[in-house]
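Residue numbers (my numbering), protein chains in the order written: chain A, 1 to 131; chain B, 132 to 378.
Hints in this document: simulated from the structure, not taken from any laboratory. Don't take each hint at face value.
Have a look at the derived ranges for each label pair, beta carbon to beta carbon [said to hold, decoys possible]: (1) B:Lys316 to A:Lys50: 47 to 55 Å; (2) A:Ile47 to B:Ser342: 46 to 54 Å; (3) A:Lys121 to B:Leu147: 50 to 58 Å; (4) B:Leu147 to A:Lys9: 58 to 66 Å; (5) B:Ala252 to A:Gln7: 54 to 62 Å.
Here the structure is a predicted model, which means the values were calculated and not measured. Note that the Cβ used here is the ideal one computed from N, Cα and C, for glycine as well.
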Amino acid sequence: MSEEEKQIKGKILVIDDHPFFPSTLKYKFEKHGYEVFSAKDGANGIIIAKKVIPDVIFIDYIMPGMDGIETCKKLKQQKELEKTYLLLYTSEAYPKIVAEAVKAGAVDFVTKTTPFETILKKVENLLGNKQ
Amino acid sequence: MENKKEQLSLNKKVILQKLITLGELAASISHELKNLLISITGYCDLIEEKLKDGADITQEIQNIKKTSLMSQKLFMEFLQFARGKDDEAEKKPQNINEIVEEALFMVKNIKHITFEKELDAKISPFPMHRQKIKQVLLNILLNGVQAIGDKAGKIQIKTKLLEFPFGFYVSIADSGCGMDKETLKNIFQPFFTTKEKGTGLGLSVCYEIMSEHNGYIYVESEKGKGTTFSIVFLYSRFKPHKDIIDL
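Just chain B, same shape as in the assembly (with noise of 0.2 Å):
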């Protein structure tokens, strides 16, 4: 009962969180889709001069198709997250590098931020809830982002399987800028945020769901240097030492 209590808190924090990430997402998709209908547009009108002069107008056709795919990609993983079911019952076995890879599509055409990924395909199934580790992705992603700005950096994404203790974790590293100490001990308290407009509430709800997963959530951070979280899924009960990650 109790159980059931504590479950129901997290999928309203969830549910909360979810909202927040969506705007977020919204925010940074709007920007991108606008730069890829300026795109489309532009094609077209140098189509209408190409015509005029009696030129080759297949390249820009095939940009024009190419962007609009592209288009049509962000916004269908777009409207998954947010149509995904929040409140899934059981935990279903789940590629982890498919969901990186889903939550990697939404973020990565930030154009001043190179994505760079190292996907362990060794790492088989695991048991959990698709949409929930999503958002903890995004989340961390869309820390990352913010922490990074306006200036050029680079987001570092890797999965690995880990052999002992059994499982794999995902580490996502930033070249933002950074934390310090005080705000590292806090992380993940709930309200806890530094953020002029946040809730605090981000990494908190991360750090509960990898507890709903028997998880772990890591953070390292430097000021002026970035951060790197790591999550980390055990296919058995075992606390490990941060220090098993290879950051």
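Looking at chain A on its own, in the form it has when it is part of the complex (with noise of 0.2 Å):
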């Protein structure tokens, strides 16, 4: 293993068909350490998902295609990635949403307007890398 790979604090995958939250996220989780990846849609990002085996997912509740809840289901099958948890968000957290999105396998539930701060807490407390 290489001096970067260790440094590398998880493994992050974005699965959104608009490119504002991926790059917002890609960004700001790089700078604390993180590899973060993306897909443009649910059946690109299984694809990227197997192969990548990543710690956290966050998938967009709203897609063309495959939409989130769906994605997140499909994802849960697969046994390569029963360590991944799996975070669904959209611009608003409507109760009935998140209910659906915690019986589809989803751990959490952010939106797009959450603090990034609040975000990193949520992953950096389901991966055990407090800082």
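With the hints as a guide, dock the two chains, each given alone in a separate frame, to form the complex.
Laid out in structure tokens, this is it:
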């Protein structure tokens, strides 16, 4: 294992068809020592996830083709990803959506306006990477 | 005289239905605009952070510009439809593909729905009331959006030239919940609705607008399998059988 790989705190995958949230999370998480990947839809997300085995996957709730809930359910079925934490996000966290996300296998839910510090804390708590 | 009365009545119904369509569009567009604004604010936050780090911000500026232009165009299309004259006295030659593009632009950003289009460039301009036909298209598109609901789905819109009888059609197929035979039978009847808050005016107004253009509207649907609406315009008076439409 290279020195660089040793320093990586965790691998994160962001699945979203819109570039805003993935690019923001990529920049901010990379600054905190995480490796960040992105996929433009659910189907590609599953392929990338099986390849890189991320520790955490952020999935947009609303996506064309396979939506966030469906993607979440399919990711949960992958044996290689049994230790991966799934987090869904959308622009607003309606209780119905949060309940649906948890039922589909998500461990938590964030919104696109959730401060990054809160999101970072959630990931650190999940991975035990407290600074 | 009788014709004028009928015309007046149709115009009133068109205006009423347009207000309903505007309400439905406003809900979908405001949701989309909110998302675009969240993106712009997010990119600004990222720029602030990148500036502190001395990092390159070219991409974020381009993204802000792109997102702002998209919001502007969405809003302008909406305003244009809202302010458009509903009582156009005369039909004018119009390019149906342009009207389809304008209608599609107002709904295509609904993220969980994939919109596919196939437009036939061979169709020549046809005399029509632009706003009314846009309203027919928006009405059918919004019905498709509602039939799909919150789940991921697809709407395919197609225009095609017909050689015999000489004319063209627009078909809009959604992957929504579909309709049973009883609903299908009554779908164009005024005040018939299956929606909780529906007025039952939308499709009956579409039917009347198409009649006013010597055109036809057809629907095919199966419960659980989606619905296809087709509107047919003919350069000559000849009622086509719905099988001429290659759905």
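Verification of the supplied hints:
Against the hinted window of 47 to 55 Å, the Cβ-Cβ separation of B:Lys316 and A:Lys50 comes to about 49 Å, which satisfies the hint. At about 51 Å, the beta-carbon gap between A:Ile47 and B:Ser342 stays in the expected band of 46 to 54 Å. At about 52 Å, the beta-carbon gap between A:Lys121 and B:Leu147 stays in the expected band of 50 to 58 Å. A beta carbon spacing of about 59 Å between B:Leu147 and A:Lys9 agrees with the range 58 to 66 Å that was offered as a hint.
For the pair B:Ala252 and A:Gln7, the beta carbons lie near 56 Å from each other, so the given range of 54 to 62 Å is met.
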